[in-house]
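Engineer: Those sequence lines, one after another, are chains U and S.
Quick note on numbering: numbering that gives the first Met the number 0 labels position 333 of the first sequence as 332, and the sequence is numbered without any gaps.
Quick note on numbering: numbering that gives the first Met the number 0 labels position 53 of the second sequence as 52, and the sequence is numbered without any gaps.
These aren't lab readings, by the way, just hints derived from the structure by calculation.
Among the hints, erroneous ones may be present.
Note that the list lumps identical chains together, so a pair holds whenever it fits in one copy or between two copies.
[Stated by the list, open to error] Lysine-lysine pairs mimicking PhoX-like chemistry, simulated, CA-CA at most 25 Å apart: (1) Lys51 <-> Lys81; (2) Lys178 <-> Lys264; (3) Lys238 <-> Lys162; (4) Lys177 <-> Lys273; (5) Lys238 <-> Lys95; (6) Lys143 <-> Lys238; (7) Lys177 <-> Lys162; (8) Lys264 <-> Lys179.
2 protein chains.
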Amino acid sequence: MKRLTTIIALFMSITAFAQQNLSFGQGPQPVSPEINSDNTVTFRMAAPDAAKVQITGDFLPSQSIETEYGTFDIQGTVDMVKGADGIWTYTSDVLKPELYIYNMIVDGVKITDPLNVYTIRDINNLFNVFIIGGDRADLYKVNKVEHGTVSKVWYDCPTEGIKRRCTVYTPAGYETSKKKYPVFYLLHGIGGDENAWSELGRAAQILDNLIAQGKAEPMIVVMTNGNISEEAAPGETSKGFTVPTMDLPKTMDGYFENAFPDVIKFVESTYRVKADKAHRAIAGLSMGGFHTLFISINNPDTFDYIGLFSAAVDREQYNGLKTIYENRDQKIDRLFSKNPKLFWIGIGKTDFLYENNTALRGVLDSRKYKYTYLETDGGHIWRNWRIYLSEFVPLLFK
Amino acid sequence: MKRLTTIIALFMSITAFAQQNLSFGQGPQPVSPEINSDNTVTFRMAAPDAAKVQITGDFLPSQSIETEYGTFDIQGTVDMVKGADGIWTYTSDVLKPELYIYNMIVDGVKITDPLNVYTIRDINNLFNVFIIGGDRADLYKVNKVEHGTVSKVWYDCPTEGIKRRCTVYTPAGYETSKKKYPVFYLLHGIGGDENAWSELGRAAQILDNLIAQGKAEPMIVVMTNGNISEEAAPGETSKGFTVPTMDLPKTMDGYFENAFPDVIKFVESTYRVKADKAHRAIAGLSMGGFHTLFISINNPDTFDYIGLFSAAVDREQYNGLKTIYENRDQKIDRLFSKNPKLFWIGIGKTDFLYENNTALRGVLDSRKYKYTYLETDGGHIWRNWRIYLSEFVPLLFK
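I would like the entire structure built from these sequences, with the hints used as guidance.
Structural biologist: Put into structure tokens, the structure is as follows:
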């Protein structure tokens, strides 16, 4: 039988050979990325015929660009160096523990690393990922711990008259424990979807690891799709494999917030949950923080734990369902009159929404409302959102 | 508030611009692939600085290559043509309904289409996908029907002393129906993993669509990982983002088959199932067909429905757990003495395992055992395995 195994593997290898960027018989492929023992990382590309190969990633020093809208820092780009063997290489500085993203650029075309099959889509960009372990980044890795279940589930949203898809994390042991669990609703940013938190957000790994370490309560995490005009993430609806866009109707116009009770109803009629305020949490990043704020203040008896991650918290809304956004500060007063157990704000020092959050904190401070505040380095980036998630989760349901 | 939405979208666009292969401000990006109304498909790549751009895909005429192991047909490759605007294009012939895969090649480097974020990994290759609808290919699309849930679930495998990951499809309505369901175990080929059938296999879409059309019974589908030395798919274990390989120990050595009762036990103690022979089916492709044959004949009272898709069905095993493979034909006799409701074989006319399957059919024919046989064009390819799945599923649990 070993013979047959060999034949099948050989067949698969040969027919797949057109799918490699090295020729059949040329020996083992180079490895990219290779994480070296000193936590530098070597990237390689076999491209003997290319004139120029570059790499761009969030581990490189950022570059400033001037635009008509102001100066922005963008991800840095460096040239890779061609060897006599036609293999281009670049070795990074020593990198701190983190999940990093990158692309390569071959003769001006932005691509994913042909030697690294691990990619994540974020809106309309596809990039490679790698993790330097250690410190907090170990929370982002799959470790030898009990793992929860990650499900893609469709639920009925009668308020909008559509079926919608969400990602549900149930903690290890849920299937067999017969226990009831608290629920944490976790919302993505503009242009994201129900896959965002479980992919770039590493939510399942963070929950698995914090629960295994005894730092977080076992909980269900429900990751919704905040684009209420869409049934599901790009590629997962009857529209087919269309180009993802951030230009979606009804994205921050009140309709998502208005329909949010539908998902709560679905979750509480489908999963074994503790269906009370003390066992419900909600948080979101950027647009999801905006959604979180308005969902929680419009439903002041629903959530005891509220988290705003780099949230857009501007106070006025000029179109859509005005009732959701009007009288924001009075609604905040009403929320705090019900004594939520946690109101949590995280923001990066260079986030373009920093002032926006400072203004909200001013409102809370002027009224002497208690909240937890975390200020981190950097801006409006996933690195911060993973930090905020891993800081917020241990505070829940205690 | 519209203002804030605009600012966030603008910020995301600008900081992401280094991640586009066209420059910021250069106007709308070209679209690739564009499925034209006559079912030709136009591919585009913006690569003004590239010297040569090609496309390779399974919709192109295949090419023969000579190797020391014989002549093999591999996926064809054609040159794209550069326009004055620096955009390279290629328009295909009229394509039949099907799910197609492709890559581009820029100055000799095999890449995914930078304008198409929809990719699927199969073993150590990453390619783009698109679907030409119509006929059977409509089964592969997400349609406006009720959708089942797709879960990534970890279960205990005490026989091997590890936790393992599988993909579980529960049909639409499972969560709330309180009914019990039949279970179909669906196994992948060599080098694949528990994601293979739900990705290139389009199993969730095929099941959703066949159930919605009334052609298949609502059922649970359990997609296991056939590499018993692995806990889960590459990237989903504590090994991290390692390079996927087909060279895995214990792949066809009896250990997977021996441990299979563990997954049945998990499923039947976790989901609402009809736990009897009449409500269990098993099928697999290639190595998974081999696993299917030996699991079913070693457990003749377990499955009433058995499907071999381009299966490796060689009769002898020289290493590993010999007890699983020895006395194959006597075990086949024992299986048929229990009157399974369906024994199904599908094979492509040019499959390198064709003779292997002919030999098995000879054994069945000589004993006058009843089986269903489907012979299709083409070889050892996913197109056939999607066809076999969509033919097999309507025959189950009737």
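Engineer: Hints first: check each against the structure and report whether it holds.
Structural biologist: Evaluated hints:
1. Lys51 <-> Lys81: both (9 Å within a copy, 19 Å between copies)
2. Lys178 <-> Lys264: Classified as both; 19 Å inside a copy, 21 Å across copies.
3. Lys238 <-> Lys162: within (14 Å within a copy, 37 Å between copies)
4. Lys177 <-> Lys273: both (12 Å within a copy, 20 Å between copies)
5. Lys238 <-> Lys95: Between copies only: 19 Å across, 41 Å inside.
6. Lys143 <-> Lys238: Between copies only: 9 Å across chains, 39 Å inside a chain, cut-off 25 Å.
7. Lys177 <-> Lys162: between (28 Å within a copy, 21 Å between copies)
8. Lys264 <-> Lys179: Both. Shortest intra-copy (16 Å) and inter-copy (24 Å) distances satisfy the 25 Å Cα cut-off.
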